[in-house]
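**Q** Here are the chains, one letter per residue:
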Amino acid sequence: MADILCPVCGKANPEGSEICQYCGALLKNRGTEPLAPIHPGEMPTPKKTSELERTLPGWLRNIRKGDNSQAQTTASPEQPAQNEQPAPPPAAPPPPPPKKDEPPVDLLAGLSQSDEEEEEVPDWLASLKTNLPGGSVPAPEPAATEAEQPADWLAALQGDSPSQQPAPDLPAADSGVGSGSFSFNQAEESSQQASDDTPDWMAALNNPPAQNTPAPVQPAPTEPASGGTDLPDWLGSLGNEAPQQPAAGAAPTADDLPSDGDLSGWFSGLDNAGSAPAAAPAGPAGDLPDWMAGLGEAQAAPPQMPVENTPAESTQTPSAPAMSEPASPAEASDDGLPDWLAAAVADKTSDEAPPVEPAASAKAFSTGALEEVNLGANDAAQVPDWMAGLGGSTVPETTTAQPEQPVAPPIEPAPAPGVSGADNLDWLSELAAGTPAPSQNEPAPAAMESAPPAAPQQPAPSFEAPTPQAETPPPAATPAFENNQNLDSILSMDMPDWLAGFTPTETDAAKTPAGQPGAAPAADADLSPASLPSWVQAMRPMEAVISGAEGGEEDQNVEKEGPLAGLRSVLPAHTEAPGSRKPKAYSIKLQVDATQQAQAALLENLIASEAESQPIVTPKRVVTIRPLRWIIAAVLLLAVLIPAVLGLSFFPAPSQEPENEIGKFHSLVESLPDGGPVLLVFDYQPGYAGELEQAASPVVRHLVDKNMRLALVSSSPTGVLMSENMMDRIQAELSNENKPPYPAGDKYVDLGYLPGGEAGIQVFANNPRVLGNDYTGEPGQDLWNTQALAGISKLSDFGTLIVLTDNPDTGRMWIEQTGQALQGQPMLMIVSAQAEPMIRPYYDSGQIHGMISGLAGGTVYEEFTKRPGQASQYWDSYGASMIAAELLVIVGGAWALVEHLRTRRMEQQLEEDEA
Amino acid sequence: MGDPVVLITGVLSLLFTILVLSYVVGDNPAFRLAIYAFIGVAAGYVTAIVLLQVIANQMIFSLLSGDLFKQLVAGSALLLGLILFAKVSPRTEWFARPVVAFLVGTGAAAAVAGAMLGTIYPQTMASIDIFGQDDPLKKLEGAVVLAGTVATLAYFQFTLVGKTTPTGNRGWVMRIVAFVGQVFIAITLGALFAGAFSAALTALIDRVESIVLFFDQFLH
Numbered sequence: 000m001a002d003i004l005c006p007v008c009g010k011a012n013p014e015g016s017e018i019c020q021y022c023g024a025l026l027k028n029r030g031t032e033p034l035a036p037i038h039p040g041e042m043p044t045p046k047k048t049s050e051l052e053r054t055l056p057g058w059l060r061n062i063r064k065g066d067n068s069q070a071q072t073t074a075s076p077e078q079p080a081q082n083e084q085p086a087p088p089p090a091a092p093p094p095p096p097p098k099k100d101e102p103p104v105d106l107l108a109g110l111s112q113s114d115e116e117e118e119e120v121p122d123w124l125a126s127l128k129t130n131l132p133g134g135s136v137p138a139p140e141p142a143a144t145e146a147e148q149p150a151d152w153l154a155a156l157q158g159d160s161p162s163q164q165p166a167p168d169l170p171a172a173d174s175g176v177g178s179g180s181f182s183f184n185q186a187e188e189s190s191q192q193a194s195d196d197t198p199d200w201m202a203a204l205n206n207p208p209a210q211n212t213p214a215p216v217q218p219a220p221t222e223p224a225s226g227g228t229d230l231p232d233w234l235g236s237l238g239n240e241a242p243q244q245p246a247a248g249a250a251p252t253a254d255d256l257p258s259d260g261d262l263s264g265w266f267s268g269l270d271n272a273g274s275a276p277a278a279a280p281a282g283p284a285g286d287l288p289d290w291m292a293g294l295g296e297a298q299a300a301p302p303q304m305p306v307e308n309t310p311a312e313s314t315q316t317p318s319a320p321a322m323s324e325p326a327s328p329a330e331a332s333d334d335g336l337p338d339w340l341a342a343a344v345a346d347k348t349s350d351e352a353p354p355v356e357p358a359a360s361a362k363a364f365s366t367g368a369l370e371e372v373n374l375g376a377n378d379a380a381q382v383p384d385w386m387a388g389l390g391g392s393t394v395p396e397t398t399t400a401q402p403e404q405p406v407a408p409p410i411e412p413a414p415a416p417g418v419s420g421a422d423n424l425d426w427l428s429e430l431a432a433g434t435p436a437p438s439q440n441e442p443a444p445a446a447m448e449s450a451p452p453a454a455p456q457q458p459a460p461s462f463e464a465p466t467p468q469a470e471t472p473p474p475a476a477t478p479a480f481e482n483n484q485n486l487d488s489i490l491s492m493d494m495p496d497w498l499a500g501f502t503p504t505e506t507d508a509a510k511t512p513a514g515q516p517g518a519a520p521a522a523d524a525d526l527s528p529a530s531l532p533s534w535v536q537a538m539r540p541m542e543a544v545i546s547g548a549e550g551g552e553e554d555q556n557v558e559k560e561g562p563l564a565g566l567r568s569v570l571p572a573h574t575e576a577p578g579s580r581k582p583k584a585y586s587i588k589l590q591v592d593a594t595q596q597a598q599a600a601l602l603e604n605l606i607a608s609e610a611e612s613q614p615i616v617t618p619k620r621v622v623t624i625r626p627l628r629w630i631i632a633a634v635l636l637l638a639v640l641i642p643a644v645l646g647l648s649f650f651p652a653p654s655q656e657p658e659n660e661i662g663k664f665h666s667l668v669e670s671l672p673d674g675g676p677v678l679l680v681f682d683y684q685p686g687y688a689g690e691l692e693q694a695a696s697p698v699v700r701h702l703v704d705k706n707m708r709l710a711l712v713s714s715s716p717t718g719v720l721m722s723e724n725m726m727d728r729i730q731a732e733l734s735n736e737n738k739p740p741y742p743a744g745d746k747y748v749d750l751g752y753l754p755g756g757e758a759g760i761q762v763f764a765n766n767p768r769v770l771g772n773d774y775t776g777e778p779g780q781d782l783w784n785t786q787a788l789a790g791i792s793k794l795s796d797f798g799t800l801i802v803l804t805d806n807p808d809t810g811r812m813w814i815e816q817t818g819q820a821l822q823g824q825p826m827l828m829i830v831s832a833q834a835e836p837m838i839r840p841y842y843d844s845g846q847i848h849g850m851i852s853g854l855a856g857g858t859v860y861e862e863f864t865k866r867p868g869q870a871s872q873y874w875d876s877y878g879a880s881m882i883a884a885e886l887l888v889i890v891g892g893a894w895a896l897v898e899h900l901r902t903r904r905m906e907q908q909l910e911e912d913e914a
Numbered sequence: 000m001g002d003p004v005v006l007i008t009g010v011l012s013l014l015f016t017i018l019v020l021s022y023v024v025g026d027n028p029a030f031r032l033a034i035y036a037f038i039g040v041a042a043g044y045v046t047a048i049v050l051l052q053v054i055a056n057q058m059i060f061s062l063l064s065g066d067l068f069k070q071l072v073a074g075s076a077l078l079l080g081l082i083l084f085a086k087v088s089p090r091t092e093w094f095a096r097p098v099v100a101f102l103v104g105t106g107a108a109a110a111v112a113g114a115m116l117g118t119i120y121p122q123t124m125a126s127i128d129i130f131g132q133d134d135p136l137k138k139l140e141g142a143v144v145l146a147g148t149v150a151t152l153a154y155f156q157f158t159l160v161g162k163t164t165p166t167g168n169r170g171w172v173m174r175i176v177a178f179v180g181q182v183f184i185a186i187t188l189g190a191l192f193a194g195a196f197s198a199a200l201t202a203l204i205d206r207v208e209s210i211v212l213f214f215d216q217f218l219h
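Line by line, the protein sequences are chains A and B. Note that numbering that gives the first Met the number 0 has the first sequence beginning at 0, numbered continuously upward. Note that numbering that gives the first Met the number 0 has the second sequence beginning at 0, numbered continuously upward.
Excised from the complex, chain A in its bound form (with noise of 0.2 Å):
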């Protein structure tokens, strides 16, 4: 099964969905395609029935699908009555023959069939049934020529003519005018016999014709009290004039007619030139207008095509039967008249039957406006001028005989006799002479609607006007014309008029057998079927096609109200909007590409192995050799002793080069105004204090040589007991050489603890008297007062900053925290041995301008002092253990070297023995 692709979504959708599975989109256009309109003047032009399908909805045609199978088996006789058309002008080029082996395209062919598959008909329909002749009519075919015929011209056509009568009651006035050729006996009869069955209104509608069976020529005057009360006027008067016109088709004579004095001069004219006999119609002729009058003159002509009127017009609207007379087809010729016209000239032709009907159809279209036409009848005096030339038309009668026209009436009267030529218009000469009748003249759409018995005596359809069938007798009049009084009785009642004219037509049409005699031939096609839009036309015989389908199909739905009302399955079942389908049904399993499952299983074993209990692994022991630790620390204290001991000078002390940090360390404390303000930082451990004091201590008396003046602050709490340590020291060596202690206060000055960190000496770098009481005096003395620290206010008031530490973060931060309070002022270090590598940067980037590190820069700076300590006292010691220390890294070495060699020998024995 090929799916439907669906336009907006692209998706598949199963085949004979109409509504897209996905989207809601609508997979086909279920609108129907309008024809073009067909505006006054046009001329019809002949389309097949198939052409038609695009203007069926998609439901309907998907029906016509459905049939197709049995629309072949019966449409094969309806087929060439879908094709009868009304003879097209010269210049419309013939349409396609059809093919007879595709599937019917006649959206009617399964009408019949249709038809006949009913099981059930009403009780109303089955009288109209046996009224019928033959029982039933084949309907399809009117169908296949409305749907040709616009409405457009009808509006046209009623602009045009004088009376501007509504439609559906002007068949009466087209009875009254019309011909008396009718045969309504048969209807007759058949519609007593049924009248038993059928309901009031049924019976009212058959009683009529008894009623009128009387002369042709009698005025009918049940018809009045019928019809004329629901009737406008104009109708009633129309009705009334129906009987006279079997007069005037049975005795189509001049003496019926309204002589010449009592025409209107162009009536008369109009019916010289016409060579048509109908005459019975002068009656009502004298009400026509002049150009009415041209017109029936012009359709006296022997019609092209073959009388199509059947008794199914004559169901439809009571006044069908006087449309019915079929004209008979050795009086067509080419007389230029267009198809419809000779149609319904043919119509009249051939149906031979005495007029009695037209009284009834007179008679349900009696209106005050027909009595008007009827009056006209009866005195030919006063029958108006056109109206005088209709009655001259044996035609009109064709035309008339539609209730929905209701401009069918003044066009078809023929052409009085007596009418003088003086009043004619000339147009209606034209057209009396043969001219072709234009579109708005036509009165056969009408007619055309009720022609459907026309399909199976036409072989060989064809657009083309004249065919043999055209010539084959027509049949009588059939006893549907009964009906005509049944319908009489039926627009008596309430009912609507287009309804009165509409259901007895369809029904009839339907149950009329395609074959039967009584059917009207082929004619049908020249009865444009104008009095509908052509999308009604398409869509009204499908009512017969659904109604054939409608057992297989659950979900049909009638309309209830508006315009298509009445009709199954016009609109979609699908009563759901777009927006409240199902929704998609979206996947709740998750959509997990390679690459994540591969993280995803990572992230599992991570967590998997977080969860698992790690062994715990005891740290290997450290195997100390404690022969080889004593042995080191005998031969470094050895190394110590012994030149302590024994006083030994083995080493020499280090060079002084002044452009070292030493030597430019020296320089600056040398450059330094005697007795200047000196800030000293002691902020070291004491476990370095043996390191850092013989550092310290050369410089500390290098600055009391220089009888400087001493602040001494400590950022670690253990740095005010070193710095005390050194004054103490200090004081010390300066008893010993008998020289003046250095005075606390008036030398030197202990800030003692600067708290806070690097904060702390921020602070105190930009306002040193944070630290004001020394505590070593009285509570709350003020230090700044005192002699070592007149006229320091600030940082920068002091000649240099010398920092004493064993630390080189606490070195960083002084450098840090300081520089820019400085102000240009010389920072010096003395640092540890282990500082020294961190410190030195400083150095040589000339943040610091001289630095002191260890014991070795202790020495040399008491070398530059000339004033040798404890530092080089120690110096030969360090000298000896460093040498100590030296080969016991070298002994180390070698030590590890070769046992690393024997273990591996080992080893690769091991791996030799093994092998």
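Because the hints were derived from the structure by calculation, they are not lab data. Keep in mind that a hint or two might mislead.
[What the hints assert, rightly or not] Within a straight-line C-alpha distance of at most 25 Å, the following computed SDA-like cross-link-like pairs (lysine to any residue) qualify:
(1) B:138 / A:843
(2) A:663 / B:70
(3) A:793 / B:70
(4) B:69 / A:758
(5) B:69 / A:843
(6) B:138 / A:845
(7) A:663 / B:86
(8) B:137 / A:666
(9) B:86 / A:758
(10) B:69 / A:792
Source: prediction; values computed, not measured.
Keeping the supplied structure of chain A fixed, place chain B upon it in accordance with the hints.
**A** Positioned in the frame of chain A, the structure of chain B alone reads:
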């Protein structure tokens, strides 16, 4: 050795020196006794220093002084200090957080500012200035410093990109540079160790010299 104070000080110095040196034979109670004694004395000394020089001199004497500014500063410091006692209990710990935040914030700010202005910028400029000197040796020194700096930093670059990511190994270029940096690091650590050994050896010499001096004075 007439001064008993000097004698007692000499004896204690000798005793604690021997106790510390007893570590040669391993961890022993004598060594632990010496360590505990040093720690106790240092802690006592620090407490005394803080109480006297910070609490008394910097705060109490400032509050008692007539200077309103000093009183406000000292009072604020005292209040913040008292709030820090809230850290004792977990329930009131939150109350001391602002004070701790203040301390940490000010300390960090000072450290960052000092590092930027006192170390990073000056050291960078100094490394650049080396190449501006006329002495070729200085330029060579500058090149070595630059190479050492780059190589050392490259050694601590453990980020792997490209094809070497799955294997976890560095590329051959980075391996060479990192090896050079590793050499520089080894030299630096050797220098630091030498300095630490030198400092420790000097302390040992000082202690040995003190013992020798003590005995020399005691014997003489």
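**Q** Evaluate each hint against the coordinates.
**A** Here is what the structure says about each hint:
no.: 1; hint: B:138 / A:843; verdict: holds, 14 Å
no.: 2; hint: A:663 / B:70; verdict: violated, 45 Å
no.: 3; hint: A:793 / B:70; verdict: holds, 22 Å
no.: 4; hint: B:69 / A:758; verdict: holds, 19 Å
no.: 5; hint: B:69 / A:843; verdict: violated, 41 Å
no.: 6; hint: B:138 / A:845; verdict: holds, 17 Å
no.: 7; hint: A:663 / B:86; verdict: violated, 50 Å
no.: 8; hint: B:137 / A:666; verdict: holds, 23 Å
no.: 9; hint: B:86 / A:758; verdict: holds, 22 Å
no.: 10; hint: B:69 / A:792; verdict: holds, 17 Å
Of the numbered hints given earlier, the model fails hints 2, 5, 7; all others are met.
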